[in-house]
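We have chain A already, so just place chains B, C and D with the ligands on it with the hints.
Chains as they are written, first to last, in the numbering used here: chain A, 1 to 760; chain B, 761 to 842; chain C, 843 to 924; chain D, 925 to 1159.
Because the hints were derived from the structure by calculation, they are not lab data.
Mixed in with the good hints, there may be bad ones.
[Stated by the list, open to error] The list that follows gives simulated cross-link-like pairs (lysine-lysine, DSS-like), each with its CA atoms no further than 27 angstroms apart:
no.: 1; chain 1: B; residue 1: 801; chain 2: C; residue 2: 883
no.: 2; chain 1: A; residue 1: 566; chain 2: A; residue 2: 392
no.: 3; chain 1: D; residue 1: 1082; chain 2: D; residue 2: 1055
no.: 4; chain 1: B; residue 1: 801; chain 2: B; residue 2: 772
no.: 5; chain 1: D; residue 1: 1082; chain 2: D; residue 2: 997
no.: 6; chain 1: B; residue 1: 772; chain 2: C; residue 2: 883
no.: 7; chain 1: D; residue 1: 1082; chain 2: C; residue 2: 854
no.: 8; chain 1: C; residue 1: 854; chain 2: B; residue 2: 801
[As the list claims (entries may be wrong)] Not close to chain A: a few residues of chain D, all C-beta gaps over 12 angstroms, as computed:
no.: 9; residue: 1053
no.: 10; residue: 1086
no.: 11; residue: 1133
no.: 12; residue: 1142
[As the list claims (entries may be wrong)] Output of the computed footprint for chain A on chain D, the stretches with three or more beta carbons under 8 angstroms from beta carbons of chain A:
no.: 13; stretch: 932 to 939
no.: 14; stretch: 974 to 983
no.: 15; stretch: 1061 to 1073
no.: 16; stretch: 1093 to 1099
no.: 17; stretch: 1123 to 1130
Where is the CB? At the ideal position from N, CA and C, for every residue including glycine.
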Amino acid sequence: MTSVPEVEGTKTAEPTRTDPAREVGLTPSEAERVRALVGREPNALEWGMFGAMWSEHCAYKHSKKLLRSLPTKGARVALGPGENAGAVDLGDGLLCVFKIESHNHPSAVEPFQGAATGVGGILRDVFAMGARPVALLNALAFGPPSDPRTRRLVAGVVGGIGSYGNCVGIPDVAGHVSFEPCFADNPLVNAMCVGFVQAGGLARAATARPGSAVYLVGSDTGRDGIAGASLLASFELGAEDEAKRPSVQVGSPFLEKLLMEATLELIARDAVEATSDLGAAGLTCATSEVAAKSGVGMRIDVDRVPRRAAGMIPYEVMLSESQERMLVVARPGREREVEDVFRRWELHGTRIGEVTPEPVLEVRAGTEVVASLVPSWLADDAPEYDVTEWAKEPAPARGWKVAEPPATNKIGVELLELLASPMVASRRILYRTYDQMVGTDTVVGPGGDAGILRIKGRTDGIAVAVDAQPRVAAIDPFVGAAAAVAEATRNLVCMGAKPLAITDCLNLGNPERPEGAWQLERTIAGIAAASEALGTPVVSGNVSLYNATRGRDPLGGSRDPLGGSKDIWPTATIGAVGHLTDVSRHIPVTSGRAGDIVLLAGSAHVGIGASAYGALIGVHEGPVAFDLALEARLQRFVLAAHERGLVRAAHDRAEGGLGVALAELCLREGIGMKVTLPAVRGIDKRVALFGEGPSGVVLVVDAAHAARVRALADEHEVPTWTLGQIGGDLLEVAPVLGTPVAALRDAYDHGLPRALGREG
Amino acid sequence: MRFVATIHVRPKAEVRDPQGEAILGALGSLGLGVVAVRTGKEIVVTFEADDDAAARTAADVMGRELLANPVIEDFRVELATA
Amino acid sequence: MRFVATIHVRPKAEVRDPQGEAILGALGSLGLGVVAVRTGKEIVVTFEADDDAAARTAADVMGRELLANPVIEDFRVELATA
Amino acid sequence: MVRVAILRFPGTWSERDFEHALSLVGADTEILWHTEVDLSGFDAAIVPGGFSYGDHVRAGAIARLSPATTELKRFAADGGPVLGSCNGFQILCEAGLLPGALIRNSGLEYISDWVRIRCEDAGTPFTEGLKDAVLRMPIGHGEGCFVADPATLERIEKEGLVLFRYVDGRGIVTGDANPNGSVNNIAGLRNEAGNVVGLMPHPERCAEPILGGTDGLRMLESLVRAVGTMPALVR
Ligand SMILES: Nc1ncnc2c1ncn2[C@@H]1O[C@H](COP(=O)(O)OP(=O)(O)O)[C@@H](O)[C@H]1O
Ligand SMILES: [Mg+2]
Chain A
1 MTSVPEVEGT KTAEPTRTDP AREVGLTPSE AERVRALVGR EPNALEWGMF GAMWSEHCAY
61 KHSKKLLRSL PTKGARVALG PGENAGAVDL GDGLLCVFKI ESHNHPSAVE PFQGAATGVG
121 GILRDVFAMG ARPVALLNAL AFGPPSDPRT RRLVAGVVGG IGSYGNCVGI PDVAGHVSFE
181 PCFADNPLVN AMCVGFVQAG GLARAATARP GSAVYLVGSD TGRDGIAGAS LLASFELGAE
241 DEAKRPSVQV GSPFLEKLLM EATLELIARD AVEATSDLGA AGLTCATSEV AAKSGVGMRI
301 DVDRVPRRAA GMIPYEVMLS ESQERMLVVA RPGREREVED VFRRWELHGT RIGEVTPEPV
361 LEVRAGTEVV ASLVPSWLAD DAPEYDVTEW AKEPAPARGW KVAEPPATNK IGVELLELLA
421 SPMVASRRIL YRTYDQMVGT DTVVGPGGDA GILRIKGRTD GIAVAVDAQP RVAAIDPFVG
481 AAAAVAEATR NLVCMGAKPL AITDCLNLGN PERPEGAWQL ERTIAGIAAA SEALGTPVVS
541 GNVSLYNATR GRDPLGGSRD PLGGSKDIWP TATIGAVGHL TDVSRHIPVT SGRAGDIVLL
601 AGSAHVGIGA SAYGALIGVH EGPVAFDLAL EARLQRFVLA AHERGLVRAA HDRAEGGLGV
661 ALAELCLREG IGMKVTLPAV RGIDKRVALF GEGPSGVVLV VDAAHAARVR ALADEHEVPT
721 WTLGQIGGDL LEVAPVLGTP VAALRDAYDH GLPRALGREG
Chain B
761 MRFVATIHVR PKAEVRDPQG EAILGALGSL GLGVVAVRTG KEIVVTFEAD DDAAARTAAD
821 VMGRELLANP VIEDFRVELA TA
Chain C
843 MRFVATIHVR PKAEVRDPQG EAILGALGSL GLGVVAVRTG KEIVVTFEAD DDAAARTAAD
903 VMGRELLANP VIEDFRVELA TA
Chain D
925 MVRVAILRFP GTWSERDFEH ALSLVGADTE ILWHTEVDLS GFDAAIVPGG FSYGDHVRAG
985 AIARLSPATT ELKRFAADGG PVLGSCNGFQ ILCEAGLLPG ALIRNSGLEY ISDWVRIRCE
1045 DAGTPFTEGL KDAVLRMPIG HGEGCFVADP ATLERIEKEG LVLFRYVDGR GIVTGDANPN
1105 GSVNNIAGLR NEAGNVVGLM PHPERCAEPI LGGTDGLRML ESLVRAVGTM PALVR
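Chain A extracted, bound-state conformation (with noise of 0.2 angstroms):
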C-alpha cells in the first residue's frame, strides 16, 4: 500500500543555529545537561530528538518522582508501570493487560481525528505487548453541553472514538462522561483497552539482541504530526495552536487492524524478540526506548524509511508522528517469515537497521552518520522535577454558592431535572454508536455500573470500569482522585467482581504553577492512599498536564471562580480491572423482583457541596472528606454478600445521589419501588435523597435474605439502613415523592440528546 510521493506537503523546519535548544522545547538548563551529557554540541536533529524525548509527554519530568509513590506490587500482578501496559495475571497462565492513555490537546485541535488516534495509540501499546485487545472504554469531559462548541466536540470526539474502534472490531464495553465549564475549551478524551495475552506469550520492548534485523512496519512516514504530540501535550494550549495545526495526524484504523493480526501473529509464532509501537516522538522514541530498555544499540537508516511525501529530511522521519506503525525487532533466522507475515497481511513492512552490542543510537542517511547518540540519554536521562519545591495550596476560599436550595421546588420535579441533567442522563445516544457486542465476549455493555467479559474457554470473567470526580477534585484534589478510584473499584463490587489493580490517567493543569504542583502532588497521593487501601496496585497509566483554558470563563461570567480559573479541574481517570470466577455468576443489571427489600449499605453521610444537585441550583463548595478503611470494608462485605448468593441487585450511589440510585434501579427493568430515607441526624431530606458522598451501595436481596445480609454486614463493621422494597410503578420515596418510573425513564432517556440539542 505505498505510493509515489504526490506531495509536497509543509516542510517542517530544524531547528536553526541561532537557538536550536529553545526551539525544541528545552529549557536552558536542560541544553546545559544535554551538552555535558553528549560532550559537544549536538547537531539539529540531535537537538530534536532530544527535544521530543525530554518533553514533559515523554519524559514525565514533572511527574516521575511522585508516581514512584503509587503501590505498584500484589500478588496478581504480572507486570507493573514501565512497559507498554502492565498486567495482572488471571490464573491458568492468562494475563490481562491494559492501559489508559489520554489525546485531550490533539482533541481540542481536530476532535475527531484526536480522538480516534488515541484509541489506535492505546490499542498499539496492547497489542505490542501481544495481547489481543477484548475491550475500549472511554472517559471523556467537555465543557457544558448547550455550547456550540460542546456539541461539535461531542460529535467529533465520539464520532472518531467509534469510527476506530468499530472498525477494528474491538467492543466498547463502559466509559465516563463529565460536563463542566471547566472543560469548554480543553476536552479530556482518555482511552483505555484491555487485552489478554498467555503468559509465555508476553512480548516485551527490553529483549533486543545485538545483531538482530530492526524493522518498521505499517504506514508510510509522513510530514503529519513532527514531534505533533510530544510538544503539543507538553505546553498549554494557545494563540499558537494555529501554527500547530498542520501536524494533525490522521488515522487509518483499516491498517491498525492489519497491523495487531499481523504483529500478533508474529509474537504467536515467536519470530521476534522485541517490539514497539511508535506514538509520541515516533522513530525517535521507539528507537531509542527499545534499545535502553535493552541495553543495546541500534543503527538505522532513514533512507530505508518508506515516505509518503517526497523530500524529506532525517529530521522529519525521524520526528514525524504518523499514526499505525510497529518496530519489530526480528529473530535471528527467522526475518524471511517476518516479512512473509507483513506480506501476507498486506502491509508495508522494511529492515530499516539492526542491533547493535555498543549502547549507540546511530542514525545514517545512506552512508551518512547523521545522528549519533547514547539511548538512555534520550530515553532515561531527561531531568526530574520536584514539583513539591513550588507546591503552593491555594487559598481556601475555593467554595461558592449562589444561593440557598430553592424551597419552592417540588422534590419530585428536582429527581426529575437530575436525572435529565447532563451529569446524571443516561449516555445511551453516545456509546450506541460504538460497537459493544463484536468477538462476542461483551456479557454486559455499556449501561451497567462496570462492562463484564467473559472469556472463551474457561469460567471466569472480567468486570472493567472507568471512573473520574472532578467536581470532588476541584475541592480537594486529594478526595477527588481517591473517590475515583473508590468509585472505579467499587463499580466492579458492585456486578460481583474482585477488583485486581487499576490504571490511572492523571489530567493536570500547569504543573509549573504552585497551584497546579500541588494539585499534582495531592492527586497522586490520593491515587496511592485508595489503592493501598482497596488493595488494587497501579500497573500502568498515563500523565496530561498543561491542560488549561485560555484564561477566560467559558461561561462569559466571573460566578464561578473554579470553572473559571485558567486550569481544568485535576482530574484523575481511574480505570479498574476486577475478576470474576465464574462470569455467568455475575450481579445481573436488574430492578429485583416485588417483594425484595431495598437496602443502603456503608456511609449515609452525603453532602451537596460537590454534588450534581449542588451544580443545578448553583452550589459548588466543600468540605469533603474519605473514609477509604469503610470504603474497603463495604466493598468486601458486598462480595460476600454475593458470594454466598444473597444479592439479587447492587447499584453505587454516584451523581445524583441516593434519589438517582434508585431511579436508576427502577429504571433497569421499569420495576417501582417503595422506600423511605435513612434517617440521619442533621441531615435535612432534599440532601439525604440528593446529596453524594463516598461509600454507598444500594442493594437488592430477597426478602427472606435480608436479615442474612444484614449479619453479614455487621460483622464486616458496615452500616446499613432497610429503605422499602421493590414492586409497583411508581418510586415512591416516602413522604417527599412518588414518580411514576415512565416519567423517570423519559427525564433519563431523553436528558442528554435534549442538553445536546439534537431533540427538541
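Just chains B, C and D with the ligands now, with coordinates in the frame of chain A:
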C-alpha cells in the same frame, strides 16, 4: 435568483488520505498503471441569493462554516446560476 | 504518458442521500436560502497510459469496476495530462 | 460433519465470532484468507461482518475485486449455501449475488443495538422452520440502509426475496422498528434460488444465553440440518 454551488472539499496536501491509500491498493489490482490517488467530497447546493456577489459570499460561508474542516481540509467553490 | 483523471461519483437522483439531507438541515440554520443539497465524491487518480484514448478507457474502467456502484450511483470522468 | 468455510478479507472482524458460534452447532470450520479461497469440499460459506478494506469507497466495494469473490460466485452458482452478515451482506450486494445496495444509515451514525427481525421464508438453508418467527438479534453497522431502484424493489417484493424485515415486539413492521432507514424495513434478502442469504444483523452474536439471546443459533442449526439433507450433487 437561484444558484447552484458545487463545493469541492479535499484533504490538505500534507494530510494523509487513508481512503485514497485503500483505493490505490484496489486499483493496483486492476492493473491500470495507477500511481497516486486522492479523494474528496463534492457538495452540490441549490440556493437563493440576490446576485452573483451575494451568492459567492454565501457559498464561501457554507464551505467555511460547515462543509470543510479547516484544520485538515481545503475547499473550492464552483458557482453557476440554476 | 501520465494522466490525472478526476472521477466524480454522485448518487442517482432517485436514491436517498442521507448526508445531503443532514447538510440541508444544517445549512438551513445558517439562513442562507438553501433549497436542496446533494453530496458526491471525487477521486483524483494519477496514472500512466499510452495515449488519450487508452487513458479514457482506463478511467472508465475505474469508475465502472470500483468507484461507482451502478445500482445507486452515476459517475463522470474529467481527464487531463499531468 | 458439516464443513463451513469462513471468508476473511483484510478488515473482516466477525470471522472468529462465527467460528466460535458454529462450533456450538458442531460444524467444522475453516477461516480462509481472501487470496487463498478454494471452496471445493465445503458445504457452506460464510461472509462475516467487519470493515473489509476499511469500508473505503463503499462498504464491500473493494472486496468485490478480490479473488475470493470470484470463487464465492462459482460456489453460489453451483448451489452452495452462502450466508453474508453485516459487511458480508454488503459484499454480496456489491458482488451482484443479491440485488440492491446498502448505503449510510439514515441517522448517519453507526448503531450498535438489539433489533427484532421477522423471517418471511423458510425455504433457505438458514431459515428452515423459521417462517414468521420474530428473532431478536444485535446489529452493528453504519451502512445498513437498504435501497434499490423501484423496478428492482418491485421484483424483490414480488418474487418474495425479502427474507427478514425489521419489526417491533409484536412482529409488526413499523417506522420505529427500522433502525437505519431501509426501504420497506428490509433487513435481509435471499437470491432467487434461495441458497444465498444476506442480512445486516449478527446471528453469531446471539448464539449463547450468556450473550443475551440464542436466536442466532436457530439460523446456524438450520444450516447444519439443511446441509445434512442437501443433494449430494451440491455438496
Ligand atoms: N500515572 C501513571 N501511573 C502509573 N504509571 C504510569 C503513569 N503514567 C505513565 N505510567 C507508566 O509509564 C510508562 C510510560 O508511559 P507512556 O509514556 O504513556 O507510555 P507510551 O510511551 O507507551 O505511550 C508506562 O509503563 C505507563 O504505564
Ligand atoms: Mg507505548
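Quick rundown of the hints versus the structure:
1. B:801 x C:883: Judged against 27 angstroms, a Cα distance of about 4 angstroms means the pair holds.
2. A:566 x A:392: holds (16 angstroms)
3. D:1082 x D:1055: holds (17 angstroms)
4. B:801 x B:772: Holds - the C-alpha atoms of residue 772 (chain B) and residue 801 (chain B) are around 13 angstroms apart, at most 27 angstroms.
5. D:1082 x D:997: Distance of about 24 angstroms is within 27 angstroms: holds.
6. B:772 x C:883: holds (16 angstroms)
7. D:1082 x C:854: holds (24 angstroms)
8. C:854 x B:801: Holds, at roughly 16 angstroms.
9. 1053: holds (24 angstroms)
10. 1086: Holds, because the least Cβ-Cβ distance between residue 1086 (chain D) and chain A comes to about 25 angstroms, which exceeds 12 angstroms.
11. 1133: Its Cβ does come within 12 angstroms of chain A, the nearest being 9 angstroms, so this is violated.
12. 1142: Its Cβ never comes within 12 angstroms of chain A, the nearest being 16 angstroms, so this holds.
13. 932 to 939: Per the Cβ count (4), the hint holds.
14. 974 to 983: holds (count 6)
15. 1061 to 1073: Three-residue rule met by the stretch 1061 to 1073 of chain D, so holds; n is 3.
16. 1093 to 1099: Three-residue rule not met by the stretch 1093 to 1099 of chain D, so violated; n is 0.
17. 1123 to 1130: The restraint on the stretch 1123 to 1130 of chain D holds, since 3 of its residues have a Cβ under 8 angstroms from chain A and three suffice.
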